[in-house]
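S.K.: Chain by chain, the residues:
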Amino acid sequence: MEMKTQTLLKKLSRRNEPYIFLVLLALCLLIEVRSGQFFSSNNLVDIASALIVPGLFAIGAFMVIVSGGIDVSFPALASLSVYATTKYLLDTNYQGGVWVAIVIALAIGAVLGAFNGLFIGYFKLPALIVTLGSSSVFKGIMQGALNSKQLTTIPVGMREWGTSSLFIAKNPVSGLTSRMPVASLAFVIVLALVFLMLRYTMFGRGIYAIGGSEASAHRAGFGVVKTKFIMYIMVGMIASLAGVIRVCMMQQAHPTNMLGMEMNIIAGVVLGGTAITGGRGTLLGCMLGTLLIVIVENSLILLGVPTSWKSVFTGALIIIGTGVSAYQVIRMNSTRKIKAKIQEVV
Amino acid sequence: MMERNTMQPLARFEKLYSNDRHLWRLIFLIIVWMIFIAITRFSRFYSLLNFQTMAAQFPEFGLMSLGVMLCMITGGIDLSVVGIANLTSILMAYLLIQMTNASGMIPAYAIPLVFVLAVGIGAALGIFNGILVSKFHIPPILATMGSGELFTGICLALTKGNAVSKFSRTYARTINNRIFDLIPVQLVIFIVMAILIWFLLSRTVFGTKLYMLGTSATAAKFSGLKTDRLLIKTYMLSGVCAALGGMIMLANYNSARADYGTVYTLQCVLIVVLGGVNPVGGKGKISGVVLAIILLRMLETGLNRFPTISSYYISLIWGGVLILIMVLNYFTENTPRFRKKIAR
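Quick note, the sequences are listed as chains F and L, same order. For what it's worth, the working numbering labels the leading residue of the first sequence as 1, then goes sequentially. For what it's worth, the working numbering labels the leading residue of the second sequence as 1, then goes sequentially.
Be careful, since some hints might not be right.
[Stated by the list, open to error] Within a straight-line C-alpha distance of at most 25 Å, the following computed SDA-like cross-link-like pairs (lysine to any residue) qualify:
#1 K135/L x T277/F
#2 K149/F x T308/L
#3 K310/F x T262/L
#4 K135/L x G279/F
[What the hints assert, rightly or not] Derived Cβ-Cβ restraints for the label pairs, each shown as a range:
#5 R331/F x L225/L: 22 to 28 Å
#6 F123/F x I309/L: 26 to 32 Å
#7 E32/F x I309/L: 51 to 57 Å
#8 H137/L x S213/F: 16 to 22 Å
#9 V280/L x A114/F: 21 to 27 Å
#10 F203/F x W33/L: 40 to 46 Å
#11 Q252/F x I309/L: 23 to 29 Å
#12 L324/L x T152/F: 34 to 40 Å
#13 R331/F x A11/L: 56 to 62 Å
#14 I183/L x K149/F: 39 to 45 Å
[To be verified] If you only want the chain L side, here are some residues facing chain F, beta carbon under 7 Å, derived:
#15 E149
#16 L156
#17 L266
#18 Y330
Derived from the structure by calculation, the hints contain no laboratory data. The C-beta atom is built at its ideal place from N, Cα and C for all residues, glycine as well.
With the sequences and hints as input, model every part of the structure.
M.R.: Here it is as structure tokens:
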């Protein structure tokens, strides 16, 4: 029994999730001690609702990174598809529910994702370069061709969906209330679907296989090109859904305020132990990493840290987090070498 | 026109072309664009003043691109250039404020001093990146993304997001001068740096080692290269380039701010790839990158001469040109590494 727990502990110490969980816990406790406000019901609900959009983006970014690529185009993609959708619905004076908006946005997202997938999958161009180029193209289409401006009103269906809530949490001390948006259900559903897909379907395992080694995956019979193509379509759709949720929650469509989120999202994914070289990573770690970034962004103010220090903390977090996991890899390799040497000697 | 020539020069031209397809493609694009502008907007584009303005504008991101190029040749990337540039320019702006006396003047040694210090700061920040990449084995894209965020964060914390100005105008005036009333000082700084890097890459052992490291890090290590020191030097050079870019931004805007030039991060990567540097490492020439810088500046300035076209189309064109060139490379060269790997 003791052996078992020992091996379990050893196994855990090699993974990233326990560390990130401990850091997360420490940060939460620190904030709680300093402010006494962290574990209040309304703050927890606030953080949960702040996690929805970055969380969805992170799921997409996670899939791409696991497949050995990197995507910097998802904020531009989401902005373009949600802006086009909102604008179209406003122009046609659409009065119905939110479903039409979601379907249109998902369709546009799928097309834009296919654009990425075409160049990355079929032309085998480096993902970083393609998504850099495509984010530039998407921005150009949005700001040039669609002549985007801030839309202060959004269609009634989207507005109602954005303001409807699952439940409302009230802080008994301060009297502040926070509501849990219905959109959080969409996040949970997507998370569950992607989790099941990555774990139990051939397609999901294919994503991991490609990230591990493209050549081996090809030999093992995975359709590398097709898997990548379909994956980028899915990522485009998830990003567009995040865009719709953001617009609904903010009650206005701002064309550019999602741009620039990509670095923090990727940072969160990598902090959660996803290997930037692909092939390794868990959705749980990815969510923990994203949560850490969200808490740092939203709760530093509770610690009494001025918001202008936010980037210092995020930057330090990225460096330390990735440094620790890179160091772990070195250590693992060196222990392996030592073991091999011992075996040689014996 | 070609038929009248003898066969030999044609063959020679073909050889020249196939040696450096990418370069010629960029030159071809520049010429096409110049002819197009000449036909449509001749008088508004072809003036000395316009070319001088362009030559004063591009060095700020041009210098940063040179740094990114060096890192990309080793197989890495530097996403912290804008952070380094802003941190340097903000610190130097504070220094200049200190040195500005009541009558709004700065002592004669101030400008050289500021530049020397800027190079020092850039080098130090670059070494920090280099250590993260080489000693701690953090993937370059993450290390520099994190440090870029950190540097920007320090800028924000120092300035609270405000612009730092109110230093003597002498600084901006000096940098905005034109030598012999013709060549902008910014361009001179850029050319000096470009020649230095060209020399390092093609005429020194350091350059050869850099390409070797980029081609195969393992092979480089086993042939006895001190890869750690090499990487630290590379990122240091990139930091110096970025810091100089920051000093030019300080002059061009006559102020420093934490969020100046945030679009340059990705723009630099775009330029470097457009210039024919392979993101996997080991390939790329400075001539291509300089041509890409010039091409992008001309595209942007030329497009501004058409008031009916929204300037936002520029980003559409950039992305389009980048993807187009990559696809062309795919069809003509057709030897990305992993394709070979799969075929084997």
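S.K.: Starting from the hint list further up, note which numbers the structure goes against and sort them upward.
M.R.: Result: no hint breaks.
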